[in-house]
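Trainee: The lines below spell out each chain.
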Amino acid sequence: MDGVLGIEEYLVVASILFCIGLLGVILRRNVLLILMCLELMLNAVNLALVAFARYSGNMDGVILTFFAITVAAAEVAIGLAILVALYRRRKSIFLQDLNLLGR
Amino acid sequence: MNDFKLYAEANDWGLLVPEISLAFGALLLLCREALRKQGRESGGGLAFLLQGGLLVYFVARYLFFDPRPDSAGESAFNGMIQQSFPADVMRCFFLGCAFLTSLFANPGLRERRLPQAEFHALVSLAAASMMLLVQSNHFLMLFVSLETVAVCFYVLVSYHRGSPYSLEAGLKYLVFGALSSAILLFGIALLYGTAASWSGGTAPSDPLSFTMLEQFVAANSDSLAVRAGTAFVLAGLAFKLGAAPFQAWVPDVYQGAPTAVTAYLAVASKSAGFVVLFNLVTGPLFGLREFLIPLLSLVAIITILFGNLGALTQTNVKRLMGFSGVAHAGYLLVGIIAAIGMHPDVPEKSVFWAIVFYLLSYSLASYGVFGVMGVLAPTEDADQPRSLYSSLAQKQPFLAFTLAVGLGSLAGIPPLAGFIGKLLLFVVAFQAELYGLLAVMVMGVVIAIYYYFAWIRETVFPPLPSLDSSDKEPQVLWSPQFPSLLLACILGLLTLTTILLGFYQSSLGQSF
Numbered sequence: 767m768d769g770v771l772g773i774e775e776y777l778v779v780a781s782i783l784f785c786i787g788l789l790g791v792i793l794r795r796n797v798l799l800i801l802m803c804l805e806l807m808l809n810a811v812n813l814a815l816v817a818f819a820r821y822s823g824n825m826d827g828v829i830l831t832f833f834a835i836t837v838a839a840a841e842v843a844i845g846l847a848i849l850v851a852l853y854r855r856r857k858s859i860f861l862q863d864l865n866l867l868g869r
Numbered sequence: 002m003n004d005f006k007l008y009a010e011a012n013d014w015g016l017l018v019p020e021i022s023l024a025f026g027a028l029l030l031l032c033r034e035a036l037r038k039q040g041r042e043s044g045g046g047l048a049f050l051l052q053g054g055l056l057v058y059f060v061a062r063y064l065f066f067d068p069r070p071d072s073a074g075e076s077a078f079n080g081m082i083q084q085s086f087p088a089d090v091m092r093c094f095f096l097g098c099a100f101l102t103s104l105f106a107n108p109g110l111r112e113r114r115l116p117q118a119e120f121h122a123l124v125s126l127a128a129a130s131m132m133l134l135v136q137s138n139h140f141l142m143l144f145v146s147l148e149t150v151a152v153c154f155y156v157l158v159s160y161h162r163g164s165p166y167s168l169e170a171g172l173k174y175l176v177f178g179a180l181s182s183a184i185l186l187f188g189i190a191l192l193y194g195t196a197a198s199w200s201g202g203t204a205p206s207d208p209l210s211f212t213m214l215e216q217f218v219a220a221n222s223d224s225l226a227v228r229a230g231t232a233f234v235l236a237g238l239a240f241k242l243g244a245a246p247f248q249a250w251v252p253d254v255y256q257g258a259p260t261a262v263t264a265y266l267a268v269a270s271k272s273a274g275f276v277v278l279f280n281l282v283t284g285p286l287f288g289l290r291e292f293l294i295p296l297l298s299l300v301a302i303i304t305i306l307f308g309n310l311g312a313l314t315q316t317n318v319k320r321l322m323g324f325s326g327v328a329h330a331g332y333l334l335v336g337i338i339a340a341i342g343m344h345p346d347v348p349e350k351s352v353f354w355a356i357v358f359y360l361l362s363y364s365l366a367s368y369g370v371f372g373v374m375g376v377l378a379p380t381e382d383a384d385q386p387r388s389l390y391s392s393l394a395q396k397q398p399f400l401a402f403t404l405a406v407g408l409g410s411l412a413g414i415p416p417l418a419g420f421i422g423k424l425l426l427f428v429v430a431f432q433a434e435l436y437g438l439l440a441v442m443v444m445g446v447v448i449a450i451y452y453y454f455a456w457i458r459e460t461v462f463p464p465l466p467s468l469d470s471s472d473k474e475p476q477v478l479w480s481p482q483f484p485s486l487l488l489a490c491i492l493g494l495l496t497l498t499t500i501l502l503g504f505y506q507s508s509l510g511q512s513f
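One line per chain: the protein sequences are U and D, in this order.
Take 767 as the starting number for the first sequence in the working numbering and just add one per residue.
Take 2 as the starting number for the second sequence in the working numbering and just add one per residue.
So that you can see chain U by itself, here it is in the shape it has in the complex:
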C-alpha cells in the first residue's frame, strides 16, 4: 500500500477536523467563529461519509453528503440572520455579552 491512501488516513483526518471543530465550539467566544467551527464539524463528517462510500462501493453515503451540505447551508443562513438581528439590538456578537436569559 505504499503511496496509496487507505481508508484509515481519511478517517483520521476526518476525526481530527471534527475534534478541532468541537473544541472551537466549546472554547471560542465569538459567535461567527462558532458558526464556522460548526461548519467544520459537518464537513469533517462529510469527508468520512465520502471516504466510507468510496471504499465500500456503496453510494448511499455520497447522497447523504449532499443532504448534509444542504442542511448546513440552511442552518448557517438562519444563524447569520439571527446574529445580524441580535447585533442590531445588542451591538455585540461575543458570548459573554449575550447573557440576558437566566438573570
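Hint data in this document are derived by calculation from the structure and do not stem from the laboratory.
Some hints could be false.
[Stated by the list, open to error] Keeping only pairs whose Cα atoms sit at most 20 Å apart, straight-line, the calculated SDA-like set for lysine to any residue is:
#, chain 1, residue 1, chain 2, residue 2
1, D, Lys6, D, Asn79
2, U, Lys857, D, Pro165
3, U, Lys857, D, Gly493
4, D, Lys6, D, Phe59
5, D, Lys6, D, Gly80
6, D, Lys396, D, Gly493
7, D, Lys38, D, Leu28
8, U, Lys857, U, Arg795
9, U, Lys857, D, Gly163
[Stated by the list, open to error] Computed beta-carbon distance windows for the label pairs:
#, chain 1, residue 1, chain 2, residue 2, range
10, D, Phe5, U, Phe860, 50 to 58 Å
11, D, Tyr58, U, Gly790, 45 to 53 Å
12, D, Ser224, U, Cys785, 18 to 26 Å
13, D, Leu31, U, Cys785, 48 to 56 Å
14, U, Ala839, D, Pro108, 30 to 38 Å
15, D, Phe5, U, Thr836, 22 to 30 Å
16, D, Leu28, U, Leu861, 42 to 50 Å
17, D, Ala249, U, Asn796, 15 to 23 Å
18, U, Phe833, D, Lys38, 35 to 43 Å
19, U, Arg854, D, Ser392, 36 to 44 Å
Even for Gly, the Cβ is constructed at its ideal location relative to N, Cα and C.
Since the structure of chain U is already known, use the hints to place chain D on it.
Mentor: Same frame as chain U, now just chain D:
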C-alpha cells in the same frame, strides 16, 4: 426504463397526502403573503383550516373507512417510510399540537404587529416534518426530517425579533442544535461505514435502512465502531429530548422563546424525539441492549435529578417549566429503558402506549399551563416572575382553575391524567424490574410537588403583607384580561380532558 417504473411504483405518494398538503399549504400561505397588498392584515386562517381539516381527516379515516389498528402497516418509498397505527396516532398528535400552537400564538402576534402568515407556515412545516420523522425507517429520512424540524424551530424561537431575549434564545438553540446534528451525523456515518464495509458476512445493500441495520448491529454488537456510532446517534437525539448531558439549553431557550413556541417545543418536538428513540432502540439498535440499558439509565437519573433540583430555585415561571420539562424527559427515558428491557417478550407495544399516554397527558397539561401564561404574559414575553400570578384566583377564577389543574396534572396528583400517566410508567418500569430507576423517579415526583404547588399557592393566596412598612404597596398595575371566547373554550376543553382522562383510560386502564 423498467427500473424507473419499478421505483416510481414503490413511491406510494398517496400515503403521504397529509404531509404534502400541509407543506403545500405553508407554501401557499407564503405566496399569498408575498403578493399581499400594503396595509392589509396578514392572516393565517388557511393554516388553521388545513391543520383542523387534516385532524378531522385522520379521525374520520379510522372511525369510518379503515379501522384496522392491528395491521402491520405499510412500507413505502423503498422502505424509507414505515406506516403503522402508532405512527398515525402520533401524526394526529402533532397536528393537534400545531393547531393549538397556531391558536395560542395568534393574539400575541397581532399585538406585537408581527407577520402572522409566516409563523403559521413555519408551524405547519414543522408539523409536517415531525409527522415524517415518526414514520421514517431510514437514516437519510430521519436526518432530513429531523433537520427540517430543527430549522423551523430556530426561526420560531427567535420570532419576536424585536426582543433581545427571543433572539438570544434562538441563537443558543441554533448553536446547540447544529452541534447536536453534527454529532448525530457523525454517528450515522460510523454506523453506515461499518455496515457498508463489513467483511464478516454479506454487507447490507442499503446500510442506512433500519431493517437492514438491525441484522448487522445484532451480529456486531461488540464492535467498538458500532458502539461509538450508537453513542453519537443517541447523543444527537438527547439534545432534541433535552436529556442529560445536552440539557443546558432547555431553560434558556424555553424562557426566551414566544410562549406558544415554548409549548410547541416542550410538547411536540420532545414527543417526536421520544418516538424516534423508541423506534431506534427497539429496531436497529436493539442488538446493543447490554450496552444501551446502563448508558440510558445513567442519562435518565442525571436528567431527573437535574430537572427537579434546578426547578426548585426558579422564580421565573417559564424557566421553571423548562426545568420541569427536563424532568419529564427523564421519566419518559425510564419508559424507553423499560421498552428495551421487555422488547421481544411484550407484544402489542404496551410500553409504547404507556409512553404515548404520558405524552398525551403531558401535552394536555402543558398546553393548559402555557395557554394561561400566554394570556397573562406582559409585553416582554420572557420576563414572567411568579409574583405576576399572585391572587389570580380572586381576579380570574377560570384562568386560575385551568392553571391549577394543569400544574396538578404535571405534578401527578391523583384524579388527573398526569397521575395515570406516571402510574403507567411506574408499572412498566416495575415489570421491567428497574427498581433503582423507580426509586429515583419517585424521588423526582416528590420534589416536583414542591415547586408546582408553590406556584399554585401564589395564585390562590394573596401575598403576605410585608413587615417593612416603608416598602411600597404591591403594584397592582397589571390586571389580567379574560381571553377571547375561542381561547377560553379551548382551555376549558383541555382542562376537562385532563380531568376525564384521569377517570377513564379505555383499554389502557386495564393494565392494572
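Trainee: Each of the hints needs a verdict: does it hold here or not?
Mentor: Hints, one by one, checked against the model:
A hinted pair counts as satisfied when its Cα atoms are at most 20 Å apart, and Lys6/D with Asn79/D qualifies at roughly 13 Å. Taking the CA atoms of Lys857/U and Pro165/D, the gap is about 11 Å. The hint holds against a cut of 20 Å. Proximity of Lys857/U to Gly493/D is assessed by CA-CA distance (about 44 Å); at most 20 Å being required, the pair is judged violated. The straight-line distance between the Cα atoms of Lys6/D and Phe59/D is roughly 30 Å, outside the 20 Å bound, and the hint therefore fails.
Between Lys6/D and Gly80/D the alpha-carbon distance is near 17 Å, which keeps this suggested pair within the 20 Å criterion. Simply put, Lys396/D and Gly493/D have alpha-carbon atoms about 17 Å apart, close enough for the 20 Å limit, and the pair holds. A threshold of 20 Å between alpha carbons decides the hint, and for Lys38/D with Leu28/D the separation of about 18 Å falls inside it, so the pair holds. The hinted pair formed by Lys857/U and Arg795/U meets the criterion: a straight-line CA distance of about 15 Å does not exceed 20 Å.
Proposed proximity of Lys857/U and Gly163/D is supported: the alpha carbons are some 14 Å apart, at most 20 Å. Between Phe5/D and Phe860/U the Cβ separation comes to about 54 Å, which falls inside the hinted range of 50 to 58 Å. Taking 45 to 53 Å as the suggested C-beta distance range, the pair Tyr58/D and Gly790/U conforms, at roughly 48 Å. Taking 18 to 26 Å as the suggested C-beta distance range, the pair Ser224/D and Cys785/U conforms, at roughly 22 Å.
The hint said 48 to 56 Å for the Cβ distance between Leu31/D and Cys785/U, and at roughly 40 Å that hint is violated. At roughly 35 Å, the beta-carbon separation of Ala839/U and Pro108/D lies within the given 30 to 38 Å, and the hint holds. Taking the beta carbon of each, Phe5/D and Thr836/U are about 24 Å apart, inside 22 to 30 Å as hinted. Between Leu28/D and Leu861/U the Cβ separation comes to about 36 Å, which falls outside the hinted range of 42 to 50 Å.
Checked against the given bound of 15 to 23 Å, the beta carbons of Ala249/D and Asn796/U, roughly 20 Å apart, stay inside it. Between Phe833/U and Lys38/D the Cβ separation comes to about 38 Å, which falls inside the hinted range of 35 to 43 Å. Checked against the hint of 36 to 44 Å, the C-beta distance between Arg854/U and Ser392/D comes to roughly 40 Å, which is consistent with it.
Going through the hint list in order, the structure does not satisfy hints 3, 4, 13, 16.
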